[in-house]
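**Q** The lines below spell out each chain.
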Amino acid sequence: MSAKVLVIEPGVSERSTMVEALAKYEVTVVASAGDAINAANDANVDLVIMELSLGGHSGMEFLYEFRTYADWQKIPVIVYSSLRVDDAVLKSRAWQQLNISDYLYKPASSLERLKRSASKVLG
Amino acid sequence: MLGEELKRPLVSISQLSELGGKDILIHTQAQKALNTIDNVLLYKQFSTGQMALNFEPVHVGSAITEVVAMMTPQMRMSGCWSEINIQSSLRPADIDRRLLNGALLAMWQAVVQSMETSTKIVCSAQRIPKGIRLSVMSKGINLDNLLLSATNMSSTQPISSVAGPAADLLAASGMFDLVGSKLTKSRKKDMSGFGVTLRTSKQIQLV
Chain S
0 MSAKVLVIEP
10 GVSERSTMVE
20 ALAKYEVTVV
30 ASAGDAINAA
40 NDANVDLVIM
50 ELSLGGHSGM
60 EFLYEFRTYA
70 DWQKIPVIVY
80 SSLRVDDAVL
90 KSRAWQQLNI
100 SDYLYKPASS
110 LERLKRSASK
120 VLG
Chain H
0 MLGEELKRPL
10 VSISQLSELG
20 GKDILIHTQA
30 QKALNTIDNV
40 LLYKQFSTGQ
50 MALNFEPVHV
60 GSAITEVVAM
70 MTPQMRMSGC
80 WSEINIQSSL
90 RPADIDRRLL
100 NGALLAMWQA
110 VVQSMETSTK
120 IVCSAQRIPK
130 GIRLSVMSKG
140 INLDNLLLSA
150 TNMSSTQPIS
160 SVAGPAADLL
170 AASGMFDLVG
180 SKLTKSRKKD
190 MSGFGVTLRT
200 SKQIQLV
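As given, the protein sequences belong to chains S and H, one line each in that order. With numbering that gives the first Met the number 0, letter number 54 in the first sequence gets 53, and the count goes up by one each step, no holes. With numbering that gives the first Met the number 0, letter number 163 in the second sequence gets 162, and the count goes up by one each step, no holes.
Please keep in mind that the hints were generated in silico from the structure rather than gathered at the bench. No experiment lies behind these values; they were computed from the predicted model shown. There could be a bad hint or two in this list.
As the list claims (entries may be wrong) - Short derived list, chain S residues pointing at chain H, Cβ under 10 Å:
id, residue
1, Gly10
2, Ser12
3, Ser15
4, Glu19
5, Ala20
6, Ala30
7, Ser52
8, Ile74
9, Pro75
10, Ala87
11, Ser91
12, Lys105
13, Pro106
14, Ser109
15, Glu111
Think of the CB as a built atom: it goes at the ideal place given N, C-alpha and C, for glycine as much as any other residue.
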């Protein structure tokens with residue numbers, strides 16, 4: 000059985016390219032933080048791949064909420080975002096506490112890189 | 000603001016190129032990025048006085064038709080289509096033609112980018128006592144998310160860096176402000192979107 004991946008991506012085009020790149024997994028795609036919480040609840044996901052720059056509530060708000068639920072604290076999250084996160088933030092205690100498996104800066108990371116990261120995280 | 004928002008279509012172009020055989024989608028994304036640059040630039044040029052406003056009688060219908068033609072590839076990519084309702088014998092608006100086209104394009108692009116379901120986008124122009132009411136609405140738009148993004152983007156708080164696609168909306172709103180019109184939320188039955196009231200021209204249009 001293939002792993003279940005939840006993709007949180009507001010861009011229509013990016014959504015379709017990511018689904019194509021992650022075709023070997025069972026992918027659920029949502030556009031907003033609010034829908035992501037509902038989808039995570041329904042889909043029983045094995046991995047979350049998310050953009051931080053979302054319309055409405057930000058990706059950070061989603062992450063904080065997501066990690067407050069005991070069932071979801073150990074679900075790996077890959078941040079695949081066009082938002083540049085400083086090294087200082089990546090090393091910060093607050094970021095570590097969010098238990099992010101990998102951070103990929105979209106403009107500098109190919110879909111191949113994303114696939115490798117997902118594959119590594121899912122074992 | 001513009002830099003963050005431009006990354007989205009450019010990243011998309013990069014991803015589409017990586018997957019290959021996506022020429023039309025690549026072209027559409029490039030066009031989206033160019034439109035956003037143009038919309039924000041036009042607003043800046045008008046607001047700083049680099050471009051002077053030239054008020055003249057402009058038929059709203061011609062501006063709508065032009066913008067819809069430009070937006071059709073983007074709408075197709077999002078699975079959307081347009082419906083245009085222009086009231087007959089509508090007087091021309093008293094506005095700068097370039098500003099109207101730019102603001103309408105920006106307003107339309109903001110709506111298309113915020114569509115959550117594939118459905119029609121309705122653009123209407125109707126006579127009201129104060130002038131002409133021009134609106135772009137749809138059932139599929141997530142208006143609250145878009146407005147929250149615009150608020151985040153226009154604020155000076157750090158959260159502005161994580162705003163969503165609202166640069167076009169802010170450009171449209173700014174441009175309409177320059178001609179004394181206010182871009183507001185618009186609702187009709189189960190549709191929502193944006194609308195603006197334009198002043199009617201008192202002149203007879205000769206062309």
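**Q** For each hint, tell me whether it holds in the structure or not.
**A** The hints, checked one at a time:
1. Annotation: glycine 10 of chain S was flagged as interfacial toward chain H, and the flag holds, the nearest CB pair being 5 Å apart, inside 10 Å.
2. Taking 10 Å as the C-beta cut-off, the interface hint given for serine 12 of chain S holds, the closest approach to chain H being about 4 Å.
3. Interface hint at serine 15 of chain S: satisfied, since its Cβ lies 8 Å from the closest Cβ of chain H, which is below the 10 Å cut-off.
4. Among the interface hints, the one on glutamate 19 of chain S holds; its C-beta lies about 6 Å from the nearest C-beta in chain H, closer than the 10 Å criterion.
5. A cut of 10 Å between beta carbons decides the hint on alanine 20 of chain S: the least distance to chain H is about 7 Å, and the hint holds.
6. Because the closest C-beta pair between alanine 30 of chain S and chain H is about 6 Å apart, less than 10 Å, the hint holds.
7. Hint status for serine 52 of chain S: holds, given a least beta-carbon distance of 5 Å to chain H, under 10 Å.
8. A distance limit of 10 Å between C-beta atoms decides the matter here; for isoleucine 74 of chain S the minimum to chain H is near 22 Å, and the interface restraint is violated.
9. Checking proline 75 of chain S against chain H: minimum C-beta separation of about 22 Å lies over 10 Å; hint violated.
10. Taken as an interface hint, alanine 87 of chain S does not check out: its beta carbon lies about 14 Å from the nearest beta carbon of chain H, beyond 10 Å.
11. The criterion of a C-beta within 10 Å of any C-beta in chain H is not met by serine 91 of chain S, whose closest approach is roughly 14 Å, and the hint is violated.
12. Look at lysine 105 of chain S: its Cβ gets to within about 5 Å of chain H, closer than 10 Å, so that hint holds up.
13. For proline 106 of chain S, the shortest C-beta to C-beta distance to chain H is roughly 6 Å, which falls under 10 Å, so the interface hint holds.
14. Taking 10 Å as the C-beta cut-off, the interface hint given for serine 109 of chain S holds, the closest approach to chain H being about 6 Å.
15. For glutamate 111 of chain S, the interface hint holds, since its Cβ comes within 10 Å of a Cβ in chain H; the closest pair sits about 7 Å apart.
The earlier numbered hints that this structure contradicts are 8, 9, 10 and 11.
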